[in-house]
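Peer 1: All chains, please: the whole structure from these sequences, using the hints.
Listed in order, the protein sequences are those of chains A and B. Under our numbering, the final residue of the first sequence carries the number 267; numbering is consecutive throughout. Under our numbering, the final residue of the second sequence carries the number 607; numbering is consecutive throughout.
Among the hints, erroneous ones may be present.
Said to hold, decoys possible - Label pairs and their in silico Cβ distance ranges:
1. Leu475/B with Gly240/A: 30 to 40 angstroms
2. Glu57/A with Ser483/B: 25 to 35 angstroms
3. Phe24/A with Asp373/B: 33 to 43 angstroms
4. Leu531/B with Glu57/A: 22 to 32 angstroms
Said to hold, decoys possible - When the alpha-carbon atoms are kept at most 25 angstroms apart in a straight line, the in silico DSS-like pairs for lysine-lysine are as follows:
5. Lys41/A with Lys434/B
6. Lys582/B with Lys607/B
7. Lys517/B with Lys538/B
8. Lys582/B with Lys44/A
9. Lys388/B with Lys492/B
10. Lys503/B with Lys492/B
11. Lys383/B with Lys517/B
12. Lys233/A with Lys503/B
13. Lys474/B with Lys388/B
14. Lys486/B with Lys517/B
15. Lys434/B with Lys40/A
16. Lys263/A with Lys22/A
17. Lys517/B with Lys44/A
18. Lys587/B with Lys573/B
19. Lys44/A with Lys607/B
20. Lys538/B with Lys573/B
21. Lys517/B with Lys582/B
22. Lys607/B with Lys538/B
If you are wondering where the hints come from, they were derived from the structure by calculation, not from laboratory data. Cβ atoms here follow ideal geometry from the backbone N, Cα and C, with glycine treated the same way.
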Amino acid sequence: MIKSFLFHIGRYILLMRQVFKKPEKQSIYIRQIMVEIENLGLDSVGIVAFISTFMGAVLCIQMAFNIDTPLIPLYTIGFVTRQSVVLEFSPTIISLILAGKVGSRVASELGTMRVTEQIDAIEIIGINPATYLIFPKVIAAVLINPILIMMSMILAVFGGWLAGVLTGLVSSSVYVYGIKAFFESYDIFYAMVKTVVFAFLIVSISGYHGFYTKGGALEVGASSTKGVVHSSIAIIVFNLILTKLLLA
Amino acid sequence: MIEARNVSKAFGDHLVLNDLSVKFEPGKCNLIIGQSGSGKTVLMKCLVGLFEIDSGKVLYGDRVFSRMSFEEMKIIRQEIGMLFQGGALFDSMTVEENVMFPLSMFTNQTLPEKLDRANFCLSRVKLENANKLYPAEISGGMKKRVAIARAIAMNPKYLFCDEPNSGLDPLTANVIDKLISEITQEYNMTTVINTHDMNSVIEIGDRISYIHKGQLWWQGDKDSILKSDNPELNQFVFATELTRKLK
Ligand SMILES: Nc1ncnc2c1ncn2[C@@H]1O[C@H](COP(=O)(O)OP(=O)(O)OP(=O)(O)O)[C@@H](O)[C@H]1O
Ligand SMILES: [Mg+2]
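Peer 2: Shown next as structure tokens:
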């Protein structure tokens, strides 16, 4: 168990060194990055928007429900909704959802290419397959995920406003006052650091599992599952580490 | 000329290639035959460096390929074309993009130049009007032909084909065999073909190497193979009624 863990960590690090080798032809890579931004990023806009809006609404209603003493001002609803969204909900929970969506896509794409010898074919042509296949995906995710997470934050806060105002739990002006209160730009910095690290983990870990798939269609499915599970675990662990480093 | 010298390769304690030495000559179809599981694919992958060999040497001319780094191998690999057992076309690219892929990566040709070359290679394998289709939209035989077109796009000196006609009907299989044989002579390529199809052996076997128990068991051409008195080879060659009748 420990031996296999160390084996995977070692092979993962070696693969990452391959991935960040100097690419063969830069113009090709820029085009690949664009393609991956579309595949991994734009394709996720819908699901991220949907989940964020609804979760923001639920957060706001729960906050309002918990505040039943007049000692706590009502703008706290807006304030706490914003804080939960910025610090944890958008960067961590949305990244976990992206781990499911993007991770399974990356792992199964690479896994299929491995078992159908497409990766061998790339290598035979004289191209480093790790760089060619994984590098553009990592860069695309690291560039696009912060934008997705920003969008998620805005929509979640908006969802909270919608729920608060429509149910009459809080007035628009009080909620807006709350979301502006005690604003620290460091919180955004913290959230973005997490987002970028998680984006890297999702694509590199699921890429690793896809890249080293052995066998056939069944194993591609297994790789895809491993990619999602292991990148989710890595997100949870790094969430704790980064929070300790950046906030404590 | 490609040469394997005393090559051994094992997976765990399963020894697949056992101190095997064999040479492949330019301008000829060098066939590797042997039973399923005898190590033909493993040998081919060792020759092109997809598998690392445990001991021995692989030489391209006088260049020792098996000791090279990835960067050094890259130079030789640009002289290599390979046709994989399953075709290995890139699913996300159309037929013409597949053929143009090596050109895009290694030349500074403009798109019209690359298209020209791709169209030439596709017409060479007698595949027209399929340029814009994706691999999922074409038949098995067409895939093999696209894969050949991609393999010859860079004008390789060395062509490797792993079971070029497995899973094809006899007519199409024969067309593919002839095609490879023609291209080999036309460009004086060193072509190495894995097969267990006796038809191919008799049609295009300029030089045949029979692999058995991880070693080169017999070597000769299409005429001598039917007259050999090697018992293991005869068992392989005359396994079917058809070849027995031929004798
Ligand atoms: N990656 C691998 N890991 C472990 N064993 C392998 C691997 N690849 C091949 N082998 C073993 O090596 C032996 C030779 O396999 P190989 O694929 O070379 O056979 P083959 O001669 O090409 O057969 P076929 O004609 O069916 O394609 C088999 O026993 C196989 O189990
Ligand atoms: Mg084989």
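Peer 1: With reference to the structure, classify each hint as holding or not holding.
Peer 2: Comparing the hints with the structure gives:
In this structure the supplied range 30 to 40 angstroms holds for Leu475/B paired with Gly240/A, their Cβ-Cβ distance being about 38 angstroms. Checking the proposed 25 to 35 angstroms range against Glu57/A and Ser483/B shows it holds: the Cβ atoms sit about 33 angstroms from each other. Separation of Phe24/A from Asp373/B is about 25 angstroms and departs from the stated range, judged on CB atoms against 33 to 43 angstroms. Between Leu531/B and Glu57/A the C-beta distance comes to about 43 angstroms, which lies outside the given range of 22 to 32 angstroms.
Taking the CA atoms of Lys41/A and Lys434/B, the gap is about 14 angstroms. The hint holds against a cut of 25 angstroms. At most 25 angstroms may separate the alpha-carbon atoms for a hinted pair to count; Lys582/B and Lys607/B meet this at roughly 13 angstroms. The suggested pairing of Lys517/B with Lys538/B holds, with an alpha-carbon distance near 18 angstroms, which does not exceed 25 angstroms. For a cut-off of 25 angstroms, the pair hint linking Lys582/B to Lys44/A is broken: about 45 angstroms separates their Cα positions.
Only pairs whose Cα atoms come within 25 angstroms are accepted, and Lys388/B paired with Lys492/B is rejected, the gap being roughly 33 angstroms. Distance restraint check for Lys503/B and Lys492/B: the Cα-Cα separation of roughly 13 angstroms lies within the 25 angstroms cut-off, and the hinted pair is therefore satisfied. As the CA atoms of Lys383/B and Lys517/B are separated by approximately 15 angstroms, the hinted pair is consistent with the 25 angstroms bound. Note on Lys233/A and Lys503/B: the hinted pairing holds, with a Cα-Cα distance of about 23 angstroms set against a maximum of 25 angstroms.
Between the alpha carbons of Lys474/B and Lys388/B the distance comes to roughly 28 angstroms, so the proposed pair goes past 25 angstroms and is violated. Taking the CA atoms of Lys486/B and Lys517/B, the gap is about 21 angstroms. The hint holds against a cut of 25 angstroms. This hinted pair checks out: Lys434/B and Lys40/A have alpha carbons roughly 14 angstroms apart, not beyond 25 angstroms. Our distance criterion of 25 angstroms between C-alpha atoms is broken by Lys263/A and Lys22/A, whose separation comes to about 28 angstroms.
In summary, the hint linking Lys517/B to Lys44/A is supported, as the alpha carbons are separated by about 23 angstroms, within the 25 angstroms threshold. Taken as a hint, the Lys587/B and Lys573/B pair is honoured in the structure, with Cα atoms around 22 angstroms apart against an allowance of 25 angstroms. Under the criterion of a C-alpha separation no larger than 25 angstroms, the hint pairing Lys44/A with Lys607/B is inconsistent with the structure, at around 55 angstroms. Taking the CA atoms of Lys538/B and Lys573/B, the gap is near 30 angstroms; set against the 25 angstroms cutoff, the hint is violated.
Among the hinted pairs, Lys517/B with Lys582/B is consistent with the structure: their alpha-carbon atoms are about 23 angstroms apart, no more than 25 angstroms. For the proposed pair Lys607/B and Lys538/B, the alpha carbon gap of about 23 angstroms is at most 25 angstroms, so the pair holds.
When each numbered hint is compared with the structure, violations occur for hints 3, 4, 8, 9, 13, 16, 19, 20.
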